[in-house]
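A.B. asks: For reference, the chains in residue letters:
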Amino acid sequence: DTAVSQTPKYLVTQMGNDKSIKCEQNLGHDTMYWYKQDSKKFLKIMFSYNNKELIINETVPNRFSPKSPDKAHLNLHINSLELGDSAVYFCASSPLRGSGDEQFFGPGTRLTVL
Amino acid sequence: SQKIEQNSEALNIQEGKTATLTCNYTNYSPAYLQWYRQDPGRGPVFLLLIRENEKEKRKERLKVTFDTTLKQSLFHITASQPADSATYLCALVMDSNYQLIWGAGTKLIIKP
Chain A
1 DTAVSQTPKY LVTQMGNDKS IKCEQNLGHD TMYWYKQDSK KFLKIMFSYN
51 NKELIINETV PNRFSPKSPD KAHLNLHINS LELGDSAVYF CASSPLRGSG
101 DEQFFGPGTR LTVL
Chain B
1 SQKIEQNSEA LNIQEGKTAT LTCNYTNYSP AYLQWYRQDP GRGPVFLLLI
51 RENEKEKRKE RLKVTFDTTL KQSLFHITAS QPADSATYLC ALVMDSNYQL
101 IWGAGTKLII KP
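Heads up: the sequence lines are chains A and B, in that order.
Here the first sequence is numbered in my numbering, starting from 1 and rising by one per residue.
Here the second sequence is numbered in my numbering, starting from 1 and rising by one per residue.
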């Protein structure tokens, strides 16, 4: 059983396009996250949702918009893609907000903007 | 400035030996520290969590220490095996918002 799943695994697109990445978790967790991992391997938090409510919104261009239709799903929509958006994007979830507990990660989506 | 540093070079260890990875931080006061393992093309997988009032935590062949005075955590793998080869990431957990701040990871290579 896949705990945190993301689609697609790979996304290759042209500059200026709009794309979405979907994430689903079947762990019953309340909190979900989007991270960006750049070429230097740093993981940087982008957004965090707790039970469909946005709780962390780091300095991310407003071309990036998360959407949480329910607490099991957190999608990421990116408008007007730029070369610098190329990275691996990870979705993650954790049981409770403010618990400091472990996070469970999806397999990642490698986005390449040409 | 705030930063987290892990060994930037890959660490090569002979099978059977103990591998020790370092996570140093400056200008942070984390409530917790977590260690994750990341294999190529995959997401990080949680290994251990240690709280600021804990000196040491163990799980099977893994041991983590946390020295808030030195602002350092050490991650040990005893009796290392080639299957332990991966990148290991440390993450500080701030008690203000429980956000994770990540190091860049250390690539560990265990040679048979």
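If you are wondering where the hints come from, they were derived from the structure by calculation, not from laboratory data.
It is possible that some hints are incorrect.
Below, computed lysine-lysine pairings styled on DSSO-like, alpha-carbon distance capped at 27 Å [stated by the list, open to error]:
1) K71/B with K40/A
2) K107/B with K44/A
3) K9/A with K41/A
4) K44/A with K17/B
Covered stretches of chain B (in silico footprint by chain A; criterion: 3 or more residues with CB under 8 Å from a CB of chain A, positions within the stretch not fixed) [what the hints assert, rightly or not]:
5) 13 to 25
6) 43 to 54
Ideal Cβ placement from N, Cα and C applies to all residues, glycine included.
A.B. asks: Now tell me, hint by hint, if it's right for this structure.
C.D. replies: Each hint tested on the structure:
1. K71/B with K40/A: holds, 23 Å
2. K107/B with K44/A: Holds: K107/B and K44/A sit about 19 Å apart, inside 27 Å.
3. K9/A with K41/A: holds, 18 Å
4. K44/A with K17/B: Answer violated: K44/A to K17/B is near 33 Å, above 27 Å.
5. 13 to 25: Check failed, 0 qualifying residues.
6. 43 to 54: holds (count 5)
Hints 4, 5 from the list above are not met by this structure, while the remaining hints are.
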